[in-house]
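Peer 1: Listed here are the chains, written in short residue letters.
There are 2 protein chains.
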Amino acid sequence: MRTCLKSSACLSADYHSVQNIFITGAAGFIGSSLVDRLLAEGKSVVGWDNFSTGQERFIAEARQHANFKFILGDNLDLDALTAAMKGCDTVFHLAANADVRFGLNHPKKDLEQNTIATFNVLEAMRANGIKRIAFSSTGSVYGEATVIPTPEDAPFPIQTSLYATSKLAGEGLIHSYCEGYGFEAYVFRFVSILGERYTHGHVFDFYQQLTEHPDFLRVLGDGTQRKSYLYVQDCLSAMLHVINAGLALKAKHRVEVFNLGTDHYVQVNDSIGYICKALGLKPRLEYTGGERGWVGDNPFIFLETKKVRATGWKPELTIEQGIGRTLRWLQANQWVYEKRK
Amino acid sequence: MRTCLKSSACLSADYHSVQNIFITGAAGFIGSSLVDRLLAEGKSVVGWDNFSTGQERFIAEARQHANFKFILGDNLDLDALTAAMKGCDTVFHLAANADVRFGLNHPKKDLEQNTIATFNVLEAMRANGIKRIAFSSTGSVYGEATVIPTPEDAPFPIQTSLYATSKLAGEGLIHSYCEGYGFEAYVFRFVSILGERYTHGHVFDFYQQLTEHPDFLRVLGDGTQRKSYLYVQDCLSAMLHVINAGLALKAKHRVEVFNLGTDHYVQVNDSIGYICKALGLKPRLEYTGGERGWVGDNPFIFLETKKVRATGWKPELTIEQGIGRTLRWLQANQWVYEKRK
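These protein sequence lines are chains D and X, in that order.
When the letters of the first sequence are read in order and numbered with our numbering, they come out as residues 5 to 345.
When the letters of the second sequence are read in order and numbered with our numbering, they come out as residues 5 to 345.
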């Protein structure tokens, strides 16, 4: 382990205590990107994944690294999870069922893989004496927000999806563990994240369609849905920035909640424009109609990010740039479509 | 079944569709009181309870009624729950682990008995085509509220107890079932409820202590905690009033959330005064100290109840009167202390 050099890199007394890091969902889109970032920073990382949506190829390079250990396992197996976490000081809990759109087809999935899984992560931490956790929550917890851009202390919302409900339950469990067991928590409410290793979402679907039939694109809803996106490396920078600063230690309940997003949003139609321009295509557009893409879809998601910006972080890429990087990666990695079939 | 007489009792087209009612926690404090109220109104009631805290004596009279059927069962047994609910049109989901104070001793209890149990209730309803649900949530979901009196749309709070977290998860599941499956839901965020059949809480504890040692009372915290209470029959009147009016059917997401409480609060010290006056005692008071009675205790709970009052309901009893009724019932029913040992 490195010792603290009292340099400007030492953002807080706690910085170097984030050294042995456990990541759930380590083979996933965001998780595997975090693995690589942390290894590059000289941290030791234990990756945990059940490969339900994670990809072996995403951690192939990390597996060559001396400071990385991968353990195959499922968050519903509390005993194995507890054993795997031994010796770590910080947990990034990123594993989740992120299939928002089809939640109603299998309502138990969000409960098990998000709510109960988060409970197990917290219990495994408690058994190991690990108290620092970072959690990937979602801007969907605001439901159909009445205040836009939506701040962290928006009016108490009505939940509109099983996914957001299960994430909010996870947040509450984490808050309670801070209050009751002295945990230190960083809860991040993400907009949609995109970038390299992105394996589901509208860019994924649109690119797939345009590969199969370049002259035609089917769009869920009426195309006017307004959404916000964040590039994965900007997302990771934000998380690492606030954790390294130990901000939760100064918070009343030892928990800090941050919205993560850009300071702008785009319409689905804008996004289609960026994608078609990048691909040099002019497909005929067919809309399924209605202001929502599916039951529980939120026609306008735009998070207020003043709180995280006030800590000194800001994103490097615009939404259009993020979509561009995502497309280039999908073009170079078409194998992900085979894997998802 | 009665037919609608188009009288003033017909508050809405839906009124008489609330006819065959399933109650979870039917042998509990609030549940058994509701059973009696509904039977008196001519409804048919199926009671469901696992007797974990419910009492056989609370439903002894109801059991003599032709319109009441009791089924012994646990909410974690989804198959039995689904079978039990058959033929009902409305569910009052009142069963819960309500042991807020000791939640940290057994964190899994709230998850199982509140969150997972609520999921099972919803799944059993879905299997039976039942869409109307009333749910007993809690003012604790506001955490340590920054706005007092706290309205239903208070700023999005940090959760401070496993109990409130599990209830909020239950709320979210219910909201999602309204959005996704067309359910109609009434969510009630209670202050502490007291009255006949009350079997846990500060009046219960104080009366027990004063029975054992009339000259001495041990008080958790410093006695300045400010709390709000509601008499059980007022609580039931509020729930039945808004459900009979079918208010959720007019709501954007087919769910209405109501705070239930009185328009005043008392300090723990005030409550001690009422209790001692009623019992004719002047005990020596010993405070454990601190502004909280226990970890996660909220030093000030006072809910804004304008929303439910605007529907035409108001409570009949003050907090002092409610405490008086509670005490008289405890004096006449000391067997509940034996049962709780």
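FYI, nobody ran anything at the bench for these hints, they're computed from the structure.
Among the clues, some could well be false.
To be verified - Across the chosen pairs, the derived CB separations fall in these ranges:
1. D219(X) with L80(D): 19 to 25 Å
2. Q212(X) with G294(D): 31 to 37 Å
3. E290(X) with A44(D): 42 to 48 Å
4. K310(D) with H69(X): 58 to 64 Å
5. L253(X) with G294(D): 18 to 24 Å
6. A70(D) with K256(X): 51 to 57 Å
Glycine included, C-beta positions come from ideal geometry on N, C-alpha and C.
Peer 1: Evaluate the given range 42 to 48 Å for the C-beta pair formed by E290(X) and A44(D).
Peer 2: 59 Å, violated
Peer 1: Using the Cβ atoms, figure out if K310(D) sits within 58 to 64 Å of H69(X).
Peer 2: Given a distance of about 59 Å, which is inside 58 to 64 Å, the answer is holds.
Peer 1: Holds or violated: 19 to 25 Å for the Cβ distance of D219(X) and L80(D)?
Peer 2: Violated: the Cβ-Cβ distance is about 54 Å, outside 19 to 25 Å.
Peer 1: Could one say that the CB atoms of L253(X) and G294(D) fall in the range 18 to 24 Å?
Peer 2: About 22 Å separates the Cβ atoms of L253(X) and G294(D), which means 18 to 24 Å holds.
Peer 1: Could you tell me whether the CB distance from A70(D) to K256(X) stays inside 51 to 57 Å?
Peer 2: 55 Å, holds
Peer 1: The hint says 31 to 37 Å between Q212(X) and G294(D); measuring C-beta to C-beta, is that right?
Peer 2: The hint (31 to 37 Å, Cβ to Cβ) is violated, given that Q212(X) and G294(D) are roughly 59 Å apart.
Of the hints listed earlier, those the structure fails to meet are numbers 1, 2, 3, in rising order.
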